[in-house]
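A.B. asks: Got chain A; can you put chain B on it based on the hints?
Chains as they are written, first to last, in this note's numbering: chain A, 177 to 401; chain B, 264 to 704.
No lab work stands behind these hints: they were computed from the structure. Quick caveat: nothing in here was measured; it's all calculated off a predicted structure. Some clues are possibly wrong.
Examples of chain A residues lying across from chain B (beta carbon under 7 Å, computed) [to be verified]:
1) Y209
2) E258
3) M261
4) I296
5) S297
Cβ atoms here follow ideal geometry from the backbone N, Cα and C, with glycine treated the same way.
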Amino acid sequence: MPSMNLSKNSVRELNQLLHDQAGELTEPEWDIYESGGQHNVACGLNQQLNVNIHDHVGYFCAGMNQHANITVHGNAGPGVAENMMSGLVRIKGDASSAAGATAHGGLLVIEGNTGARCGISLKGSDIVVQGNVGHMSCFMAQAGTLVVCGDAGEALGDSLYETVIFVKGEVKSLGADCVEKPVRPEHISQLKNLLNRAGVDEDPSAFKRYGSARELYNFKIDNAY
Amino acid sequence: MNHEQPQDNLRESATFDRTTMAEIRRAAETGIYDIRGFGAKRKLPHFDDLLFLGASMSRYPLEGYREACETKVILGTRFAKKPIIIDTPVTIAGMSFGALSANAKEALGRGATAAGTSTTTGDGGMTPEERGQSSKLVYQYLPSRYGMNPDDLRKADAIEIVLGQGAKPGGGGMLLGQKITDRVAGMRTLPKGVDQRSACRHPDWTGPDDLAIKILELREITDWQIPIYIKVGATRTYYDVKLAVKAGADVVVVDGMQGGTAATQEVFIEHVGIPTLAAIPQAVQALQDMGMHRKVQLIVSGGIRNGADVAKCMALGADAVAIGTAALIALGCNHPKYDAEFRQLGSAAGFYDDYHEGKDPTGISTQDPELAKRLDPVEGGRRLANYLRVLTLEAQTLARACGKSNLNNLEPEDLVALTVESAAMAKVPLAGTNWIPGQGY
Numbered sequence: 177m178p179s180m181n182l183s184k185n186s187v188r189e190l191n192q193l194l195h196d197q198a199g200e201l202t203e204p205e206w207d208i209y210e211s212g213g214q215h216n217v218a219c220g221l222n223q224q225l226n227v228n229i230h231d232h233v234g235y236f237c238a239g240m241n242q243h244a245n246i247t248v249h250g251n252a253g254p255g256v257a258e259n260m261m262s263g264l265v266r267i268k269g270d271a272s273s274a275a276g277a278t279a280h281g282g283l284l285v286i287e288g289n290t291g292a293r294c295g296i297s298l299k300g301s302d303i304v305v306q307g308n309v310g311h312m313s314c315f316m317a318q319a320g321t322l323v324v325c326g327d328a329g330e331a332l333g334d335s336l337y338e339t340v341i342f343v344k345g346e347v348k349s350l351g352a353d354c355v356e357k358p359v360r361p362e363h364i365s366q367l368k369n370l371l372n373r374a375g376v377d378e379d380p381s382a383f384k385r386y387g388s389a390r391e392l393y394n395f396k397i398d399n400a401y
Numbered sequence: 264m265n266h267e268q269p270q271d272n273l274r275e276s277a278t279f280d281r282t283t284m285a286e287i288r289r290a291a292e293t294g295i296y297d298i299r300g301f302g303a304k305r306k307l308p309h310f311d312d313l314l315f316l317g318a319s320m321s322r323y324p325l326e327g328y329r330e331a332c333e334t335k336v337i338l339g340t341r342f343a344k345k346p347i348i349i350d351t352p353v354t355i356a357g358m359s360f361g362a363l364s365a366n367a368k369e370a371l372g373r374g375a376t377a378a379g380t381s382t383t384t385g386d387g388g389m390t391p392e393e394r395g396q397s398s399k400l401v402y403q404y405l406p407s408r409y410g411m412n413p414d415d416l417r418k419a420d421a422i423e424i425v426l427g428q429g430a431k432p433g434g435g436g437m438l439l440g441q442k443i444t445d446r447v448a449g450m451r452t453l454p455k456g457v458d459q460r461s462a463c464r465h466p467d468w469t470g471p472d473d474l475a476i477k478i479l480e481l482r483e484i485t486d487w488q489i490p491i492y493i494k495v496g497a498t499r500t501y502y503d504v505k506l507a508v509k510a511g512a513d514v515v516v517v518d519g520m521q522g523g524t525a526a527t528q529e530v531f532i533e534h535v536g537i538p539t540l541a542a543i544p545q546a547v548q549a550l551q552d553m554g555m556h557r558k559v560q561l562i563v564s565g566g567i568r569n570g571a572d573v574a575k576c577m578a579l580g581a582d583a584v585a586i587g588t589a590a591l592i593a594l595g596c597n598h599p600k601y602d603a604e605f606r607q608l609g610s611a612a613g614f615y616d617d618y619h620e621g622k623d624p625t626g627i628s629t630q631d632p633e634l635a636k637r638l639d640p641v642e643g644g645r646r647l648a649n650y651l652r653v654l655t656l657e658a659q660t661l662a663r664a665c666g667k668s669n670l671n672n673l674e675p676e677d678l679v680a681l682t683v684e685s686a687a688m689a690k691v692p693l694a695g696t697n698w699i700p701g702q703g704y
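Excised from the complex, chain A in its bound form (with noise of 0.2 Å):
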């Protein structure tokens, strides 16, 4: 199993050994130390690799990820698993803000808490966050799902789409256009499968769903001021 040290190796050595691995499989499984805050770690990723790092990351870890598996075991800065279109990014400790940002697929599971924007413009990947998400998460988010076990900040789901959010604690407010809609037993169901794939212990019967009202969808006179 190769492993790499990144105080000793750089970032670009190690995505270009794990971006080799997409023409041809040899080596599946990964583990990187000491990545101390390193922006970009595994970026581009595009095989079905088990990448663990055991350290805290920077910016845009995992961004664009396709197919691989990776574990941050630490906290995670911003953007990460930005435009994700398949696999799983999980983040064992906090993300800072951007988490999951326009990610098309896969799932992200950040097991602590996230700052701002988290799902922003969010395109149909789902979000399982363990703790608490920021002001503004899922801004502008168009398809997926975000699922907060915690609260959620100011302005939640603020010119929504039609990303499904799903709060289990308190929502310090509604974005524009964002509204409280029914749980029906599809929608239990739809929450229950999420957080077995998450691996996350919660009862799906304990969250509220938000959605968008679809009010801003066409232009409208009353929507102006």
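C.D. replies: Leaving out everything else, chain B in the frame of chain A:
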């Protein structure tokens, strides 16, 4: 708009002219701001206000056709392993599939390829038609990230991070529901028929220091192979260009306020940004102050129409230019043969700017399959290639007249200005004087 003088004894208000009155009535009747495409229609200081000083006694001209005048440009020499080499300094600006039909995008790719230059995707992602017909394709990385995926990123020949656009610096894209077909909706992950107002700021970074890290991420994902451009709408150009270079751009694209758009508010188009003429010297000064002029290439766009405009941009210090509106006109946008249909839409050939309505009779700015069929991408590509060749020949003609064997050798010293305003903006002397306003006497 009819501006014929009605009677000799009637005086029209310069403040409340008929265009202004019509807009007040339109606002009063509808309750919504005017949305349109095209670019700024107001008169602005522009390249027509500059003239070349051809060679005479003190300068030695080159023969206007036979003697060599190099037009090739290399873009992205700073960091990329594979810079883009184009045969002419005229590139095709980013325009989206969604705003334009698939045939129009394909025609742009065909024309650019035939002329040996690059074309650019837009908000909405990369279409197979466009990639297939574009030998050099620049992939835009926009705030919306519609259709953004790493597979397309790796297929690109360069990445253009879009911070703004000359027609609407500070504003996001707009594609109204009537153009959101199944295909457009699918590419953008949006419900069909929704008014799409794409984000005006990037979702995962918030300033120039973050942008530097974002650029590194894109370089990592593409293994440092391809150039990364940063595109800004012309506003605080000196500072924006400096920050773009500091963030790590290979190429900076500056789009002046005459640059076109598929749709935005009229008030935005006409009242935000600065003219292209004013932006170029600021951008060049920023690069020179950093010791990066010609190391980070500068592409200029916004209202470029002919080879004289191309040559003037290059004389002011640009490495290349980009055209959008002019390229669409070359394809057939606003063509007089459709005048009757334009009039049925309340417009006329040469005036049509309601690209957002999706009813363009020329088949260019529409998603209506029947209208889109009217544009033959092969014929459109041929017309665009012809036009690009004319731009290049015209620019060469002027360069040779100034004694230059390479378009890149044109310099501000070759230019004078016709007006005080253009002299001040372009920082070249008023014709017949050695006076550059703002630089003493």
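A.B. asks: None of the hints should be skipped; say for each whether it holds.
C.D. replies: Structure-based check of each hint:
1. Y209: violated, 19 Å
2. E258: holds, 5 Å
3. M261: holds, 6 Å
4. I296: holds, 4 Å
5. S297: Hint holds; S297 of chain A Cβ to chain B Cβ min 5 Å, cut 7 Å.
Checked against the numbered hints given earlier, the structure breaks only hint 1 and satisfies all the rest.
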